[in-house]
Amino acid sequence: MATVAPAVTHAPPAQGLGGSPRAGWGLLALLLVTIVAALCAGRYALPPSALVDVLLADLGWPGIEAPDAAARIVHQVRLPRIALAAIVGAGLAISGAAMQSVFRNPLAEPQLLGVSSGAAFGGVLGMMLSAHPAAIVLGAFAFGLGSLALVFWLAGGRGGMSTSIVLVLAGLVVGAVFAAGVSLVKLVADPQNQLPAMVFWLMGSLASADAAKLWIAAPVILPSLYLVYRLRFALLALSLGDEDARSLGVPVGRTRALALAAVGLITAASVAVCGIVGWVGLVVPHLVRLALGAGHRMFLVNVTLAGAIYLIVVDTIARAATPVEIPLGVMTALLGAPMFAYLLRRLRAGGIER
Amino acid sequence: MTRLTPAARRRALAIGLPACAALAPLAGRAHAAAAARRITDQTGRTVELPPVVRRIVAITIPAASMILCVDGGAERLAGMNPASRDDLTAGLLGRMFPAAMRVPSDVASENFAPNVEALLAARPDLVVQWGDRGDAIVRPIAAAGLPVLTLRYGDSALAGDWLRLIGQALGKAERGDRLAREFDEALADIARQGRAVPDAGRPSAVYFQRLRSALVVAGQGTSMDSDIRRIGARNPAGTLPGFTPINVEQLMAWNPDILLLNNFEPGLTPAAVQADSRLASLRAVRERRVYAFPRGGFRWDPPSQESPLALRWLQGVCDPAGPRLDLRAALVDRYRDWYGHSLSEPEIDGILKIADNGGSHRYAEWFGARRG
Amino acid sequence: MSGPVLVADDIGHRFGAHTVLAGVRFSLDAASFCAILGPNGRGKSTLLKILAGVLAPAHGRVRCMQRIGWVPQAVQPSLPLSVIEMVLLGRAGQLPMFGAPSRDDARAAHAALARVEAGALAGRLFDSLSGGERQLVLMARALVGGARVLLLDEPAAALDWHNQAVILRLLSDLTREGLTIVMTTHAPQHALDFASHVLLMPQGAPPVFGPPDDVMTDAALSDLYRVPVRRVAQPGLPRGFTVVPMLAHPAHPHPSP
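For the protein sequence lines, the chains are A, B and C, in the order given.
Be aware that the first sequence starts at 1, since it is given in our numbering, and climbs by one per residue.
Be aware that the second sequence starts at 1, since it is given in our numbering, and climbs by one per residue.
Be aware that the third sequence starts at 1, since it is given in our numbering, and climbs by one per residue.
Next comes chain A alone, as it looks inside the complex (with noise of 0.2 Å):
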């Protein structure tokens, strides 16, 4: 009768087989409860009798009269703005994740790819060549999804045998031709007008959500992170490594291509509707497994949850804490470094944590 060792590590016990529904189900609740705060925050005071009325008469309840300027902020200024920054955090989110499976490194986000630098460089030459707002977004979408093409294209591979590492030199390839395409379409853009535009909305930011950019997000956003969500056990096995994940039967080409395609999709639509916004990938996953475990089959609903109420969040307070609007590529990244900061002193201190 063959005896098991006797345990010499005393590390804290992990969760079982994937974390429990529960921690979800707080997640959920936590969102809903985030929605409504940011709701009622703002620079225009709007009494929650007020937010209240208006979602009532949405409801069609009888006899509900909603003021027409509350109706106004609630409708066109905060939900499409809310709706936005949680479609979009949820999928950087959750893009970040699979980053990190795929790559397997902690410090791989969605910007490796070089999709959000070949989107900037699209929106910026968008902006350039024409005054209408839907050129932005047609062109920063077009361009990412261009240069994620560029990418696999580079790296060899559709499915097939290409490495993790030459997606990541490919990824970086392509990220800097068009790092450079700004840089020389901010050089000949006209300097009154239009070049601040582009430095502005180079930092991100939500100020202009609509109920146009939700229906060019959503769809987009929402089915490829559906996509990454069914790839959660195979991506768990590209953890590995190539070698063990294939010995397992992994399809091991086919499930990075997929799980790529569905990060370019996120990023490219994201840098679309609203700049390009980094760290949500980088840090949303790493608070998840911090707090809540890394239990596969909760992770990444956990992850997708997290990084909805974690960009509501980010956005409510650059829209709301001061007069001027802080644009929400800077606020991700003065919250999200200091964040990842800490966060690297407790992996360094505890190992992995649990």
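It should be emphasised that the hints constitute simulated quantities derived from the structure, not laboratory data.
Errors might be hidden in some of the hints.
Short, incomplete list of chain A residues facing chain B, as computed with Cβ under 10 Å [stated by the list, open to error]:
{"#": "1", "residue": "Ser20"}
{"#": "2", "residue": "Ala131"}
{"#": "3", "residue": "Ala134"}
{"#": "4", "residue": "Gln194"}
{"#": "5", "residue": "Asp210"}
{"#": "6", "residue": "Arg319"}
{"#": "7", "residue": "Ala320"}
Using C-beta positions, here's what the derived DEER-type ranges look like [stated by the list, open to error]:
{"#": "8", "chain 1": "A", "residue 1": "Pro48", "chain 2": "B", "residue 2": "Arg181", "range": "52 to 62 Å"}
{"#": "9", "chain 1": "B", "residue 1": "Ala136", "chain 2": "A", "residue 2": "Gly156", "range": "44 to 54 Å"}
{"#": "10", "chain 1": "B", "residue 1": "Glu110", "chain 2": "A", "residue 2": "Thr322", "range": "26 to 36 Å"}
{"#": "11", "chain 1": "A", "residue 1": "Ala212", "chain 2": "B", "residue 2": "Gln220", "range": "55 to 65 Å"}
{"#": "12", "chain 1": "A", "residue 1": "Val330", "chain 2": "B", "residue 2": "Arg288", "range": "32 to 42 Å"}
Glycine included, each C-beta is placed from N, C-alpha and C at the ideal position.
The hints should help you fit chains B and C onto chain A, whose structure is shown.
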């Protein structure tokens, strides 16, 4: 070579030396006079000028149009800011002074950074540059051996002094001084009237440096902020630093009485603002008190030689009773003095943007052409 | 099931210009225990990867009639996996690409852990385990996928004697249940005590395959390890003897190139 006999040589010296001695002081004085032209510019620098400035380069805006105004033409304008060419084409100045369109505009980039080689190629006797944006845009010009006249920005009142300085530099001190005096008096008058507005009666006005791609308003330290306060109105954005982005909510929280639109954004008209559904609940939009800044010889939003008229216009749109003088008549009078040009009625309509602003609150009544 | 379950057909491989394997031929029936012996750098791990299907050989082919489970020497997960998740991953091959494990899969994982007597480790973090515990978990992972052929890369390499015993006895039990085991090892004693077949991979000579009694002669082992190797009789051992390297002995009479 003629050979002077010793006697002739002695005679030549006898006449020549005293003559030189007699003339020496005169020559000295002339030399001193050539070096004596010095003026102190707006940052306190002493600028050494040649006796006659024949070629002047204007990197600041609106120095080029000011030179056209003071000098009566473009003959001495040797270089200008690329944005000035845009101003000339879009405004009346290009039609009033067609020669100005041929002035080279490669001497600096639009952010006022000088291109030293192009500057030297223009062979200027004087270069006009901003003095309060850092030494990096001034030093290369001085290092190339060119005299630099530096100006300060931030308040329309400073523009009066620009007229004075340019007049001195061009040897037209009398005209420059007179224009500056009239400028200062007009501004002082407006300021006095502004102070007399009772606190309760001060409307709130917000100027948008950008409106379509993002909302950027003029806050503390901008000339638009000081202009709004000078005429006796309030600027809710006055607590914010410089030109700052805000979001729609903040604008709705301020709910200003009047919205002022810039001259830079293509397609920005009161009609476009009225059609924006997010702004529809603003008081200014409901009352149609949305006005686009006029564009005369020069855009009226930033400070220029036309600021007295611009401020009268601003005073007019912000006052519920309308303008205190006949702006159209004042335009005709001033343009004759400034540019030697007789304005036609359609030209005045163009300057005041009757077409774009005509739908706004009482604009046609206040600023439209009198019939009959 | 009669007949061979794992056949290696003239396998060769090279990395660039450097030939790592040449002429590897063998055939294993069910319930065999094959030990692959050879010093470092002779391509043992490479051969195992080829047998597992992870690496494509430059020459020759592998035929396997049953499901293979590969147990690598070490796994470096980049994410904090729990032990039970690691075992569950063994089912990945049976799940569609978009699938996730079901309750049945979870039950099978627990059963596999229990089979290797590591059931108590289920909730632990994989990274917090000792070397021996990790080997057990990886074996459970290979078993949960229903593998009947296990390929293990130096499973006893970094373990102390007790854990070596645990692992090797477990492998022996598995062969009695009909599984086929192929493992690489540094220690000839493992082969002598447990293996039914041995594959020697000497430098510059074709590999030799056969039962340990035939293949593991003093001369062959001395050649293999380039150190004199002698048998030492020891009643109580399965074959009655073990082999020891004469490390302090002066230079081997047949120096290798």
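Now the hints, each set against the structure:
no. : hint                            : verdict
1   : Ser20                           : violated (39 Å)
2   : Ala131                          : holds (6 Å)
3   : Ala134                          : violated (12 Å)
4   : Gln194                          : holds (9 Å)
5   : Asp210                          : holds (8 Å)
6   : Arg319                          : holds (5 Å)
7   : Ala320                          : holds (8 Å)
8   : A:Pro48 / B:Arg181: 52 to 62 Å  : holds (59 Å)
9   : B:Ala136 / A:Gly156: 44 to 54 Å : holds (47 Å)
10  : B:Glu110 / A:Thr322: 26 to 36 Å : holds (30 Å)
11  : A:Ala212 / B:Gln220: 55 to 65 Å : violated (35 Å)
12  : A:Val330 / B:Arg288: 32 to 42 Å : holds (36 Å)
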